[in-house]
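J.: So you can see what is in the structure, the chains are spelled out below.
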Amino acid sequence: AQKITQTQPGMFVQEKEAVTLDCTYDTSDPSYGLFWYKQPSSGEMIFLIYQGSYDQQNATEGRYSLNFQKARKSANLVISASQLGDSAMYFCAMREGLRNDYKLSFGAGTTVTVRA
Amino acid sequence: EAQVTQNPRYLITVTGKKLTVTCSQNMNHEYMSWYRQDPGLGLRQIYYSMNVEVTDKGDVPEGYKVSRKEKRNFPLILESPSPNQTSLYFCASSFPGGGTDTQYFGPGTRLTVL
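So the sequence lines, in the order shown, correspond to chains A and B. Okay, so the first sequence: first residue is 1 according to our numbering, each after it adds one. Okay, so the second sequence: first residue is 1 according to our numbering, each after it adds one.
One or more of the hints may lead you astray.
Stated by the list, open to error - Straight-line C-alpha distance at most 30 Å; calculated DSSO-like pairs for lysine-lysine:
1. B/Lys17 x B/Lys57
2. A/Lys3 x B/Lys57
3. A/Lys73 x B/Lys57
4. B/Lys18 x B/Lys57
5. B/Lys65 x A/Lys3
6. A/Lys16 x A/Lys70
7. B/Lys57 x B/Lys71
These are calculated hints, taken from the structure and not from any lab test.
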């Protein structure tokens, strides 16, 4: 079964607008971490934001925020005030367990294109 | 500078010609992993290592070998590459214990097998 599901293969957003990228996950482990990575056309993986399963508040990092709905098993990424440099592929990923740092399970990714 | 390096960054080869992709990290991380990225599939783990001489299979290990003789290095070996191993490969490393930026990724190696 797919552990991470990203249902939006591609999205267009107007510059300066906000965009929400969907991510749902599946795990029976009560301890897990959720990550979002950005992959620009150059190919490198850039860590954006992290949410732990026991975190009470939604994570935020600058223009990135994570809408964490634990009961629905969803961890959507919100990018506010989109910029042209936000055009990239975005991956949602999950680490199951507190110490399983050797493995992340990734979704298929969402390509975001920001229009001027 | 803390980093994971991979070499080569780009490689075009032919079916059956053995190749090695090197990975090195300078952060004294215990854990290292290899992933492959394919369109529509995201990244999938090939092999991982929890320390020197300790390696194990990930989700898609067929056709690959690894070794961990030194803590800093974790080479990926394709003994007899085939076209279905054409992919973008990432090496990653981390400390055990959880955390926010738990995995550091290398820059990627784009492999084409003809």
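J.: Each hint: holds or not?
T.: Okay, the hints, checked on the actual structure:
For the hint linking B/Lys17 to B/Lys57, the alpha-carbon distance of about 23 Å falls within 30 Å, and the restraint holds. Annotation: proposed proximity of A/Lys3 to B/Lys57 holds, straight-line Cα distance about 18 Å (limit 30 Å). Pair hint A/Lys73 plus B/Lys57 holds up; C-alpha atoms about 28 Å apart against a cutoff of 30 Å. Between B/Lys18 and B/Lys57 the CA atoms are separated by roughly 20 Å; this keeps the pair inside 30 Å, and the hint holds.
Between the alpha carbons of B/Lys65 and A/Lys3 the distance comes to roughly 25 Å, so the proposed pair stays at or under 30 Å and holds. Taking the CA atoms of A/Lys16 and A/Lys70, the gap is about 29 Å. The hint holds against a cut of 30 Å. Using a Cα cut-off of 30 Å, the hinted pair B/Lys57 and B/Lys71 holds, with the two alpha carbons roughly 18 Å apart.
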